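Okay, here's what each chain looks like letter by letter:
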Amino acid sequence: MKSGRIGAAALGTAALLALTACSGAAGGSPAAEDGAPSGDVRMIVPFSAGGGSDQSGRAIAAGLEDGTGLNISVENREGGSGAVGYSFFLGQDANPNYLLAAETALLALPLTQDVEFSYESFTPIMKLGDDYTLLVVPADSEWDTCSDVVTAAGDGRVVAAVSGATSLDEIVFTLVEQDQDVEFDRVPFESGSEVLAGLLGGQVDVASLNPSEVLGQLESGDLKALCAFSDERYEYEALAEIPTATEQGIDVSFAQFRGFIAPGNITDEARDFWIEAAEEFAESDAYDTYIADNVMQANAVYGDDFVDYLEGNRAELEKVLVK
Amino acid sequence: MIDNLLLGFQTALTPENVLWCFIGVLAGTVIGLLPGLGSTTGVAILIPLTLTLEPVTALIMLAGIYYGAQYGGTITSVLISTPGEAASVVTTLDGYKMARNGRAGAALAISAIGSFVAAIISLALLMALAPPLADLALEFGPVENLAIMILGLVIVVSFAGGAFSRGMMMAALGLLISTVGVATGFSSARFTFGNVDLLSGIPFVEVMIGLFAVGEVLHQIRVGAAAPIRTRFRDLMITRSELKRSAAPILRGTGIGFLLGILPGAGSTLASFMAYGIEKRVSKRRGEFGKGAIEGVAAPESANNAAANANFVPTLALGIPGGGTTAVLLGAFTIYGLQPGPLLFETQPTLIWGLLVSFFIGNVLLLVLNLPLAPVFGQMLRIPYGYLYPIILLTSFVGAYAVSNNMFSVLIVLVFGLVGWVMKEIDLPMAPLVLGLVLGPLLEKSLVQTSAIGQGSFLVLLQHPISVGILLVALALAVGPTVLRKVTASRRVQQAAAKEKDSVSR
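Protein sequences appear in the order of chains F and V. Start counting the first sequence at 1; every next residue gets the next number (the numbering used here). Start counting the second sequence at 1; every next residue gets the next number (the numbering used here).
Isolated chain F (complex conformation):
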């Protein structure tokens, strides 16, 4: 099976080589001169295979492959909460044949760890969409709104689960604390599914999880969602009833973004090439499927707009993470 794959890849590469050779002979501009990508492209995923980043990396790679005809292979370089992959990517400066599936670690790592990169070291191409969180509690909980939870936290002890020191849920709980002047007790976990087990087992009182992580438990009635920390209500049928936190008087909205970036110092041609390919990807069915499968909100932005978004997002993160 493996040799079959390698064989297919080799065949594909050979065909691509032949194609580029042909276009060169026909007088089309050879790729190397204007710095646009050609041939084999690598999509770096700074997390392990099978996780959320991996899924988005593979979806983006497949979508861009369809649009550009390039051969894009995914490579997992995990470790250090993403630091290993981003640091490797930093070493690919000016190489248009590398991409990286980025998310909030791009901003959180430079704020909390001693790493050599920041988002300015790279060329942001596209933000695919936003993954907000829902405040969830066990179905038999006495709380029915996020305000109930905030009131309880003001009166006594509310134990919140968080999945990491720089994770989305930690950020959201800190924002609520700052907005409402209350305090949550925290129990740290290492992933969304561990948090889910803690919540169902009654070891913690509340959690703030991505919709895709809790949809099954919401449908079965094991958990209930009290509010969404998003700007607007979800349009998905199963989530449309959930009010936003703002509606309940808590002015907190924070999303994890997913997108992709290119190395720093690539040529304008290469940057435009990828932005164009990204816009084409956003028009495709594959993009819609990815967003719907992961229950995200489709707010795609490109290039400079993505840079502006990152700047604003970093400022907000800085308030939370740098104490």
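Derived by calculation from the structure, the hints in this document are not laboratory data. Note that the coordinates shown come from a computational prediction; the quantities given were computed from them, not determined experimentally. Incorrect hints may have been included.
[To be verified] A short list of chain F residues far from chain V (calculated; beta carbon distances all over 10 Å):
| # | residue |
| --- | --- |
| 1 | Gly154 |
| 2 | Glu232 |
| 3 | Asn265 |
| 4 | Ala315 |
[Unchecked claim] Covered stretches of chain V (in silico footprint by chain F; criterion: 3 or more residues with CB under 8 Å from a CB of chain F, positions within the stretch not fixed):
| # | region |
| --- | --- |
| 5 | 8-18 |
| 6 | 192-200 |
| 7 | 313-319 |
Idealized CB from N, CA, C, for every residue including glycine.
Add chain V to chain F, keeping to what the hints say.
What follows is chain V alone, placed relative to chain F:
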């Protein structure tokens, strides 16, 4: 129940599904064989290739890779002392010794039989009791997990046997090495010296490859190449008495593996270590452990397979993955447009029961595949070590690089290869070190969580009934044998005294 089983057989027994099940278990065996390439990575890499298949067919194949890898991981542990999976580390202790004694075929056969029995028993439990078991598993929070870790460490201590202090020392060293990197719940890095590669800690798969594979090769070079094992094919078969000796260890291993497997996060590695430790405690042939006792292969191999299957309890009944590979499998559910969660049993009966029944078929295929092959693999030891060494080194380094596509992994293998060699030279046990390294992060996580739940106090350990129960078992294991020995000793003295009196009065 009967309806569900029939539905399952209808789904799983179509020629296409049986074929893909076979492909899955075969691929799994190969993936388990290769050091570094574990079932988690194997499943993740192969997901894209299954996108054109029916969801149930795809999942049957991917799950086949998972439990197939549990069988494959044993083969290299036994033959060349190189565990293919972390859960097979402890198998090297007696498995490799058995191979050096010319019993490689028996070791491989008993691990296949043990794995099969464990799989069938845990599958029956899984089918009959998944939802209530899953609810039970939820009762095990951080506090209970901490108690389990303590129990695990106590059992490790029993490992070392005579060399008690050496075992403790190595387990402590393992725990120490595991503190490198960022701890749960914190964002500051420890002992990384500004090195980005160290942020996620010293990876245990690479440590394992270095210690066991490279260390063993260096050791063999130093002592002069071991002679190839020449045994007649017939002598590689498992004997009746060996089978009889293994029956009870297989059942005990299955029980331990299943119990630990249904808890999200405890894992099959700990299960295999605990099964070995307990076997050593209860066995009449305690002295043979570490020198090639078949019980030391049967118990942990049954335990890791039972744990792998039990992992599906929280995965399918709750939508909460029990371990790394089941987490990737749950991710695959989403890709096929299925919503993982507690409703799967109701909304997708064909898929779930088809999948569960396919486990039976897959395990039968694995047994049929592995039993006749055991003596054949055993014959591989006829290859002179001069040819085997380069192959072991090559697969070790390539395997390590494949873990994360990073030369840093290869460096870790080299460093720990030297460490492993030195440890062998001065006779320090390596298995406790690996367990310390594997258990370290889990122990620390439970410690941090328990302290958070108890608002800084560890007294909560004594407020949860389950954790109190586990701690009592740990206490009994720790002091029980000593007390027992003292009691029987004093009784013997009394009896002797009584006898003496008797003879005197006569």
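If any of the earlier hints don't hold here, list their numbers in rising order. When the structure is compared with the hints, only number 5 turns out to be violated.
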